[in-house]
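Asker: Make a model of the complete structure from these sequences and hints.
Chain residues, written in single-letter form:
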Amino acid sequence: NAGVTQTPKFRILKIGQSMTLQCTQDMNHNYMYWYRQDPGMGLKLIYYSVGAGITDKGEVPNGYNVSRSTTEDFPLRLELAAPSQTSVYFCASSASLTGVRNQPQHFGDGTRLSIL
Amino acid sequence: AQKITQTQPGMFVQEKEAVTLDCTYDTSDPSYGLFWYKQPSSGEMIFLIYQGSYDQQNATEGRYSLNFQKARKSANLVISASQLGDSAMYFCAMREGPSNYQLIWGAGTKLIIKP
Numbered sequence: 250n251a252g253v254t255q256t257p258k259f260r261i262l263k264i265g266q267s268m269t270l271q272c273t274q275d276m277n278h279n280y281m282y283w284y285r286q287d288p289g290m291g292l293k294l295i296y297y298s299v300g301a302g303i304t305d306k307g308e309v310p311n312g313y314n315v316s317r318s319t320t321e322d323f324p325l326r327l328e329l330a331a332p333s334q335t336s337v338y339f340c341a342s343s344a345s346l347t348g349v350r351n352q353p354q355h356f357g358d359g360t361r362l363s364i365l
Numbered sequence: 012a013q014k015i016t017q018t019q020p021g022m023f024v025q026e027k028e029a030v031t032l033d034c035t036y037d038t039s040d041p042s043y044g045l046f047w048y049k050q051p052s053s054g055e056m057i058f059l060i061y062q063g064s065y066d067q068q069n070a071t072e073g074r075y076s077l078n079f080q081k082a083r084k085s086a087n088l089v090i091s092a093s094q095l096g097d098s099a100m101y102f103c104a105m106r107e108g109p110s111n112y113q114l115i116w117g118a119g120t121k122l123i124i125k126p
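Protein chains in written order, with our numbering: chain A, 250 to 365; chain B, 12 to 126.
Because the hints were derived from the structure by calculation, they are not lab data.
Every residue, glycine too, gets a C-beta built ideally from N, C-alpha and C.
Please note that a few of the clues may not be correct.
As the list claims (entries may be wrong) - When the alpha-carbon atoms are kept at most 25 Å apart in a straight line, the in silico DSS-like pairs for lysine-lysine are as follows:
{"hint": "1", "chain 1": "A", "residue 1": "Lys258", "chain 2": "B", "residue 2": "Lys121"}
{"hint": "2", "chain 1": "B", "residue 1": "Lys84", "chain 2": "A", "residue 2": "Lys293"}
{"hint": "3", "chain 1": "B", "residue 1": "Lys84", "chain 2": "B", "residue 2": "Lys14"}
{"hint": "4", "chain 1": "A", "residue 1": "Lys293", "chain 2": "B", "residue 2": "Lys125"}
What the hints assert, rightly or not - Simulated restraints on C-beta separations:
{"hint": "5", "chain 1": "B", "residue 1": "Leu95", "chain 2": "A", "residue 2": "Asp287", "range": "26 to 32 Å"}
{"hint": "6", "chain 1": "A", "residue 1": "Pro310", "chain 2": "B", "residue 2": "Gln25", "range": "23 to 29 Å"}
{"hint": "7", "chain 1": "B", "residue 1": "Ala82", "chain 2": "A", "residue 2": "Lys293", "range": "28 to 34 Å"}
{"hint": "8", "chain 1": "A", "residue 1": "Ile261", "chain 2": "B", "residue 2": "Gly96", "range": "45 to 51 Å"}
{"hint": "9", "chain 1": "B", "residue 1": "Lys81", "chain 2": "A", "residue 2": "Gln266", "range": "26 to 32 Å"}
{"hint": "10", "chain 1": "A", "residue 1": "Lys263", "chain 2": "B", "residue 2": "Met22", "range": "38 to 44 Å"}
{"hint": "11", "chain 1": "A", "residue 1": "Ile261", "chain 2": "B", "residue 2": "Pro126", "range": "32 to 38 Å"}
{"hint": "12", "chain 1": "B", "residue 1": "Glu26", "chain 2": "A", "residue 2": "Asn277", "range": "37 to 43 Å"}
{"hint": "13", "chain 1": "A", "residue 1": "Ile261", "chain 2": "B", "residue 2": "Ser91", "range": "40 to 46 Å"}
{"hint": "14", "chain 1": "B", "residue 1": "Gly108", "chain 2": "A", "residue 2": "Pro310", "range": "38 to 44 Å"}
{"hint": "15", "chain 1": "A", "residue 1": "Asp305", "chain 2": "B", "residue 2": "Tyr75", "range": "31 to 37 Å"}
Said to hold, decoys possible - Residues of chain B placed beyond 12 Å of chain A at every Cβ, according to the derived structure:
{"hint": "16", "residue": "Gln50"}
{"hint": "17", "residue": "Val89"}
{"hint": "18", "residue": "Leu114"}
{"hint": "19", "residue": "Lys121"}
Answerer: Right under this line is the structure:
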């Protein structure tokens with residue numbers, strides 16, 4: 250039972266490089282999210298998607314791009330990496346909402362990214 | 012103003028004691044949901060418990076219960092009979108509205124269980 254899978258788990262980038270963080274889920278969830286977690290802090294939403302072909306900005310989208318061509322996959326692209334993007338990145342997914350119901354977000358194990 | 016406030020940056024608790032982790036929230040929407048997540052040192056985020064604003068009873072899940080005081084806008088997590096494996100960061104999060112899928116997160120509380 251894989252759930253949400255993120256790759257890679259660790260990565261070091263040089264300033265100005267680009268990379269794509271991969272996220273795939275096998276729960277047929279419509280909603281997917283990308284968060285970043287800075288040391289000692291809670292999660293901040295970067296981008297989210299409510300279904301294939303639909304994405305929107307979260308709280309901290311600058312410097313990132315996403316796409317959602319399938320229900321399963323939601324890659325996060327970093328262009329021109331900067332030291333401020335050093336963080337742990339989490340991908341999450343959740344089922345569609347029916348009112349205010351217990352529909353928790355299920356998380357991947359995270360990607361630790363360092364920009365040097 | 013902070014939407015989710017966790018006032019305890021860190022706590023030390025003796026093993027087998029009960030522990031209460033505080034969470035207060037701020038919303039004007041009558042329909043909302045509150046979540047607690049655990050993040051061990053290994054880094055993954057684990058869903059623990061959920062409380063809906065219209066739920067009549069406080070949520071319980073095994074050793075976890077939620078002390079939900081709606082008038083005070085607090086949703087404290089109670090862990091009974093704490094274990095060494097409960098040492099982790101704990102995050103409170105809120106979803107506002109019946110169709111809003113985004114979560115607003117608190118800064119977390121680091122819980123350390125002493126043997």
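Asker: Now tell me, hint by hint, if it's right for this structure.
Answerer: Checked hints:
no. : hint                              : in the structure
1   : Lys258(A) - Lys121(B)             : holds, 23 Å
2   : Lys84(B) - Lys293(A)              : holds, 22 Å
3   : Lys84(B) - Lys14(B)               : holds, 11 Å
4   : Lys293(A) - Lys125(B)             : violated, 31 Å
5   : Leu95(B) - Asp287(A): 26 to 32 Å  : holds, 27 Å
6   : Pro310(A) - Gln25(B): 23 to 29 Å  : violated, 44 Å
7   : Ala82(B) - Lys293(A): 28 to 34 Å  : holds, 30 Å
8   : Ile261(A) - Gly96(B): 45 to 51 Å  : violated, 31 Å
9   : Lys81(B) - Gln266(A): 26 to 32 Å  : violated, 49 Å
10  : Lys263(A) - Met22(B): 38 to 44 Å  : holds, 39 Å
11  : Ile261(A) - Pro126(B): 32 to 38 Å : holds, 36 Å
12  : Glu26(B) - Asn277(A): 37 to 43 Å  : holds, 40 Å
13  : Ile261(A) - Ser91(B): 40 to 46 Å  : holds, 42 Å
14  : Gly108(B) - Pro310(A): 38 to 44 Å : violated, 21 Å
15  : Asp305(A) - Tyr75(B): 31 to 37 Å  : holds, 32 Å
16  : Gln50                             : violated, 9 Å
17  : Val89                             : holds, 18 Å
18  : Leu114                            : violated, 6 Å
19  : Lys121                            : violated, 9 Å
Violated hints, in rising order: 4, 6, 8, 9, 14, 16, 18 and 19; the structure is consistent with all others.
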